[in-house]
Each structure stands twice: as C-alpha cells, then as structure tokens.
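Enquirer: Dock chain B against the given chain A, drawing on the hints supplied.
Protein chains in written order, with the numbering used here: chain A, 1 to 263; chain B, 1001 to 1406.
Worth flagging that the hints you see were computed from the coordinates, not collected in a lab. All residues carry an ideal CB built from backbone N, CA and C; glycine is no exception. Some clues are possibly wrong.
[Stated by the list, open to error] Examples of chain A residues toward chain B, derived with CB under 7 Å:
#1 L16
#2 S143
#3 S257
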Amino acid sequence: MAFLATLLRYRYFALLSILQEIRGDYQRGRIGFFWVFMNPLLQVLIYSVILTNVLQARLPGADYPYSYSMYLMGGILAWSLFDGIVRETMDVFIRGRAIIHNSSIPLSVFLLVTVAKNIALNVILLLIMLGFSLALGVWQGLSFLALPLLMGALVAFSTAIGLLLGLFNVFYRDVSSAVRAGLPLMFWVTPIVYPLSIVDERVQGLFSLNPITHFTSAYQAALAFGTLPDSRPLLILLIASLLLLALNLLLYRRMRSDLVDLL
Amino acid sequence: MSVLTAAHVSKVYQRFQTELHRMAHRLGGVSAPVETFHALSDVSFRVGAGECIGLIGRNGAGKSTLLKICAGVMAPSSGAVERPERTAAILELGLGFDFDLTGRENVMRAAAMMGLQHQQIADRVDAIRDFTEIGEAFDRPMRTYSTGMKMRVAFSVVTAWQPDVLFIDEALSVGDAYFQHKSFDRLLSLKAQGCGLIFVSHDLNAIKTLSDRVLLLDQGRIIQDGPPEQVCDFYNALIGSEGADAVEVRQGDDGRARTQSGTLEAQFTEVSIRNGDGQPAQTFAVGERLVLQARIELASDIDSLVVGFSIRDRLGRVVFGTNTWHTDQAIVNAKALQSYEIAIHLAANFGVGDYSVQVALVDRDTHLTANYQWIDGAALFSVTNLRQPYFEGVSWQEPRIEIRES
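Only chain A is shown next, with the shape it has when bound in the complex (with noise of 0.2 Å):
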C-alpha cells in the first residue's frame, strides 16, 4: 500500500521521466523518435533481405512468403525488449545517483520508470512490425493476441535479472561491463537469426536450458506460425522470476541504505 502511495505521489516524476528519457536518448537528431525504432528494423531487413535472397534460406515449417522475416521479427521484438530492460535496469541506480542524492523518492520510482519505458518503445516497435506485416499481404491469425501476455512473462523475467544485476553492479562495477560484453553473445547462442532446427540434435537440449530461448520461441510461435505457445516452460519462468523479484526485494531491503552511500 505505501508503494501504491508513493507511485501516485510521483506519478507525474514518472510520466515526465519516461518521456524525457525517450527523447534524452536520441535528443540531439531533429527526427529523434525515429531513430529508437531504426535499429531493430534495419535488422529485420538486413537479416532478411541476406538470407532469403541472397542465401536462399527457408523457414522450415512456415512455407509461406516473408515467414523468415516474420520468424526475425518475432526473436527480435522479444530478445529488443530483454536486452533493454537489462541494460538499464542495471544501471538505474547509478544514473539515478544525482536525483537520489537530492530528493527522497523511492528508487523503486526509478526502476517503475525504466521498466515502463522499455515497455512503451517494445509496444511501440510491435505495432509498427504488425503494420508491416499486414502491409507485406501476412496474416498469421488471431495467435498474435498471446503476446500481452508473454510480454507480460517477459518483462517480469527481464527486471528481476536486470535488477539483481543492478545490485551487485552498485557493490562491483564490473558487473555491468561484463553483463554489457555478455548480452550480443547471448543474442547470437538464441535461436533468433536462425531456427532451432537447423542446430545439431545433440546440442538442442542445451538450448533449452537458455531461458531466452523460451520467450522468443513463444514470440516466434505467435508472430510467424500462428500456433499458440508451448505454455508450460513459460508459466515455470513467469514463476521463477516472480521468486527472483521476491528475493531482490529482500536483498534490497537489507542494502538499501549501503545503496545511497555508495553512489
């Protein structure tokens, strides 16, 4: 409850933040909004543009024109959106460090504020890939309407370890380098560019074991087959990473006041 207070106390801090922390990014361009949504875009046409044409590569299992773009745009939507929160949710302490040091708002503030945003761009991103695919003629059904919901699963598992990195990273600051040379390697032992299936048997099971792998299968699942997601992998995440939150705040409870002397 006194959470609850203290959001809508700071409610309009939030709101102003996000926005500003939207155009903060790419503040300087005169089109800046454009550029957030640049990236993931220009990879989808890059990816598929080199490996549909120029490689000749197929989707197995989606025999129909565009589906490697739309398999792209599924792994990228989920993979943009959880590599955003973790960066940034990471660091929310330390760029949060001026205003802490001056105002008595709660840091959970701070991570509310980050969250959302990544949250409104991904949305953002979403609706403009949907666009597109209706504009290229594709239409995959209804399956589209499970993503809230893996958002949802996503944004969840993304925060609890964006922020218990987040935590360590105050105490060591390396942790944040290595998180940051970490994630394209993670990004590129994710089935995301590539289908699973084109992996060797064997080593398929190791895939498995990559959480990510879930979530942008599920995604992939609903953006490029029209088939509703394997849901059992995905509530034991959803679980798990409602447990992770748990124990952050626990851990954040005993270091919090470490927290602001150590900024």
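Expert: The following block gives chain B in isolation, referenced to the frame of chain A:
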C-alpha cells in the same frame, strides 16, 4: 508545535576490504568491516513551525550527512527522523539538474520530484521564471548557465510552494548580493508562514541573520545548541583551538555568555571601555570618543603577538573589527613575563543599541595558526542618541543633504 523531530540519529560508515565483503556482510554477516567511522552519534533535536535552525561545524563534522538524513535522502544507521509530507531541499548544488534540459524543463522535473503534479507546476512555472530573473535563458539548456544562474533556478523552484520544512546545504552563499537579499526575504516570508528551515552554512553572518537557533556539530555530535551569537562565538573559538576542551563558556553578570578559548601563552588581565577622559564608561552618545583599554601579560616568549578586536551588534554581526597585524603594529620578540598596555581609540559612530567587544591575542592575521586567547563578550557598551537627528542602522554618518528648488 514541532515540524521535524530527529531522535537519537546515528550514522555509521563501514569500510570493508572490498565491496564484495560488504555484500557478504549484509547478507550473512560472514565478513567484518575493517574500519568503522561514526559520522553522526546520537543526534537529537526538534524544529518548531516557523523556526530556523543553522547547522555549523568544521568540515567533516557531519553537517551534510545530518541534513541528508533529515531530508530523507539517506537512512540513519539508527534512530529516527519524523518529518512532514511536504519538504523541499537543496542538498547538492544543482538539485540533480540535467544540464541538457532547459531551465524550464528542469523546473518541471525538480517540482515533480517534490511530488507535485502537472497542473500545479504549470500554474506556477512562470512565477518561478520571474523570480529567477534570468530572462530568456530560462528556456535555454542549462549547460549554458553560470553557477549563480543554476543556483537561482534551484532556489526559486524549491521555495515556490510553501513547504513544511526546507533544507538548504550551503547554497545561500552562492550568487550575487542582490539575489541573496531576495532569497533571504523569501525565506523570511516562508518562515512567517510556519515553514521550518534547517540550513548548513559556513557564512556565520548568514547564520546569525536567519537562524533562531544554531546547532554546532563536532565529530558527529551536537556540542552546542543555543542562540546564534553564543554558538557562533563558541564555533569561532573552536576553530582556533585544538579541540572542544580548551573552550570555556562563562555566564557573565549580565546574563550574557562569554566564550573564551586559547592556549594562554599570552592573556588579557584587563579589558575595559573608557570615555574620552579615561574614565570607565558604559553608555556613549553617538559619535563620542571611546577607548578600548587592555592589559596583556605573557607567560612565555612569543615571536609575533597580534592584538585584535571587534565590535558586534545585538545579533552578533561584526560592525567593525581589525587587529595590529593589519595596522602593522604586531609586537615582535615579546618576552615571557613582559606586560603591555593597549589603548584603542575609536569614535562611537554606531547606531543606537547594545554592543559587545571581542578581543583576541593571536600570532598573525587570523586566529587559525595560533590562538593565545580569544574572549567573546569581553566588554559591553551601549550607544544612545543624544545630539544627532534621528537615524536608523548600525553605523553613524554625518549626512549632508542638499535640497534646491529647481
């Protein structure tokens, strides 16, 4: 009615071998801190509605830490602070401004940080701009601002809404005299409406002008809590001596506290105020001759001995003061057991009121290198206006006013 209560507030900083050890300590208590530092120990005080508290102390005494804990930015290690909902603070110069944003955008953000909503802020942002008097610059990025301009914006936004308590760390002395006056006026009007104010400053004149009460912090403890003049005197004595032990406060016959400190290699055996005829006197007419007479004895050899004095008004503000270093009259190679008579001839060109005299024996222009003896409230006198036309203020001028018909 008190608007803020700090009860037994302590702050302990611990240093660990590495930050990983610190984490381990927090999580399971496996590793012990290698060093513990008590930034604040058992600090308790209350702030009443409309009361202004000045916090003074040497660097590292814990002033800023205490202010941050009171403002709720930092958590105390033990103890508690009870504060109202509506508080405002300037804790670090700049309020966490984002210098890429304009003054206006930063004002919106800073106000939102205080828990205000869009409409409330929009209604007042122009009034804030007008108060800063920085004109067009208000809508330009803050990185183009001078320190003084940033300060103006910070001050204007935190005082734009009547807070219940306002915290200010050292910000008052930044900026030009004009804005300082303006901000003092605003603080006084906030006070009049019941806002409690706690501020840290090294500027003792600001402390004396604004505070109703002053807390002196030393090594994380409140060592004095009292009227501004008395505590500031004690502080002055403290920075001239090694530790708080050498400072002595005695209640004078008239109820005024006399603070004295020093190493006593040289000391005053007599300090008195006399009139032009050499007779001891207490009351002077405006402009009358006044002699400050003192006797000094030395307990050991001193290479350079400087006699200083200052005359202060009822609020403890220095009206006039100088010393024999500045007048090129330092006594050189003074020998032990030697004594000196000093007579300082002045004119009582002061406004009507009570004045106290502070005297000091030091080795050069400040009392920070050697402080043989320092006495606040060594003598008192008052000034009445018998012969001059009515005037106000602390100093007397002989005005020549010309009025011509034209």
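Enquirer: So which hints don't hold here, by number, going up?
Expert: Failing hint: just 2.
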